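**Student:** Residue numbering for the sequence shown follows the working numbering, starting at 454 and increasing by one per position.
If you're looking for bench data, these hints aren't it; they were derived computationally from the structure. Computed from a predicted model, the values in this text were never measured in an experiment. Errors might be hidden in some of the hints.
[Said to hold, decoys possible] Pairs of lysine to any residue, SDA-like flavour, derived with a Cα cap of 20 Å:
| hint | residue 1 | residue 2 |
| --- | --- | --- |
| 1 | K582 | P551 |
| 2 | K585 | T573 |
| 3 | K579 | T537 |
| 4 | K575 | S512 |
| 5 | K566 | N491 |
[Said to hold, decoys possible] Derived CB-CB ranges, DEER-like:
| hint | residue 1 | residue 2 | range |
| --- | --- | --- | --- |
| 6 | I536 | E583 | 17 to 27 Å |
| 7 | D556 | G500 | 43 to 53 Å |
| 8 | E503 | S584 | 41 to 51 Å |
| 9 | E503 | D466 | 20 to 30 Å |
| 10 | L547 | D466 | 30 to 40 Å |
| 11 | K534 | K568 | 17 to 27 Å |
| 12 | D590 | D499 | 34 to 44 Å |
| 13 | D475 | E504 | 54 to 64 Å |
| 14 | D466 | D517 | 17 to 27 Å |
| 15 | R506 | T570 | 12 to 22 Å |
| 16 | K465 | T537 | 39 to 49 Å |
| 17 | D502 | S584 | 42 to 52 Å |
| 18 | G581 | N491 | 49 to 59 Å |
| 19 | L547 | A469 | 28 to 38 Å |
Even glycine gets a Cβ: it sits at the ideal position worked out from N, Cα and C.
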Amino acid sequence: MLEDVVLVNINKDYLAKVQSTDVDNRLRRLELAASRHNVLNSPLYDGRDEEFRTRFTGSEGFIDAYYDREGVILSTSEKYKNITLPEHIENSLLNEYPDWMVDQTSYVVLYDKDKATEMTYKLLLKKGKESKKLKLDANGRSKS
Numbered sequence: 454m455l456e457d458v459v460l461v462n463i464n465k466d467y468l469a470k471v472q473s474t475d476v477d478n479r480l481r482r483l484e485l486a487a488s489r490h491n492v493l494n495s496p497l498y499d500g501r502d503e504e505f506r507t508r509f510t511g512s513e514g515f516i517d518a519y520y521d522r523e524g525v526i527l528s529t530s531e532k533y534k535n536i537t538l539p540e541h542i543e544n545s546l547l548n549e550y551p552d553w554m555v556d557q558t559s560y561v562v563l564y565d566k567d568k569a570t571e572m573t574y575k576l577l578l579k580k581g582k583e584s585k586k587l588k589l590d591a592n593g594r595s596k597s
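Modelling step: build the complete structure from the supplied sequences, incorporating the hints.
**Tutor:** Below, the structure is given as structure tokens:
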């Protein structure tokens, strides 16, 4: 008789720190792919003890993920362009910049398993011939 098999994503801590339900689904799918990547099955992995980097690329951006020899994500550097902004950030922009249009967006995530995760939205707003650059945290607050 076979025992029940329970599959566990060893990178669930990574997902818990970088994903939220209001982030563009294309980004979430790329992050999920990075979390499920099996380093041991990679033809480029040679069993070394040092960090092993793998790049995941999608139409919206990329993730450089660094794994240990067991496949645990140690850190990532993620950059995405022209993404759909979360609703709470769109609402905040409408309130603070009612006559401005969002012209460009980028989203940067810096994850380190032993540190706080940094998430930054970089926006270019336009109103006629005027333009304004903004950096916002994941909550929509201005970052300097």
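**Student:** Hint by hint, note whether the structure agrees.
**Tutor:** Right, here's what the structure says about each hint:
no.: 1; hint: K582 / P551; verdict: 16 Å, holds
no.: 2; hint: K585 / T573; verdict: 16 Å, holds
no.: 3; hint: K579 / T537; verdict: 17 Å, holds
no.: 4; hint: K575 / S512; verdict: 18 Å, holds
no.: 5; hint: K566 / N491; verdict: 18 Å, holds
no.: 6; hint: I536 / E583: 17 to 27 Å; verdict: 23 Å, holds
no.: 7; hint: D556 / G500: 43 to 53 Å; verdict: 47 Å, holds
no.: 8; hint: E503 / S584: 41 to 51 Å; verdict: 43 Å, holds
no.: 9; hint: E503 / D466: 20 to 30 Å; verdict: 21 Å, holds
no.: 10; hint: L547 / D466: 30 to 40 Å; verdict: 34 Å, holds
no.: 11; hint: K534 / K568: 17 to 27 Å; verdict: 25 Å, holds
no.: 12; hint: D590 / D499: 34 to 44 Å; verdict: 39 Å, holds
no.: 13; hint: D475 / E504: 54 to 64 Å; verdict: 31 Å, violated
no.: 14; hint: D466 / D517: 17 to 27 Å; verdict: 18 Å, holds
no.: 15; hint: R506 / T570: 12 to 22 Å; verdict: 18 Å, holds
no.: 16; hint: K465 / T537: 39 to 49 Å; verdict: 25 Å, violated
no.: 17; hint: D502 / S584: 42 to 52 Å; verdict: 48 Å, holds
no.: 18; hint: G581 / N491: 49 to 59 Å; verdict: 51 Å, holds
no.: 19; hint: L547 / A469: 28 to 38 Å; verdict: 30 Å, holds
The earlier numbered hints that this structure contradicts are 13 and 16.
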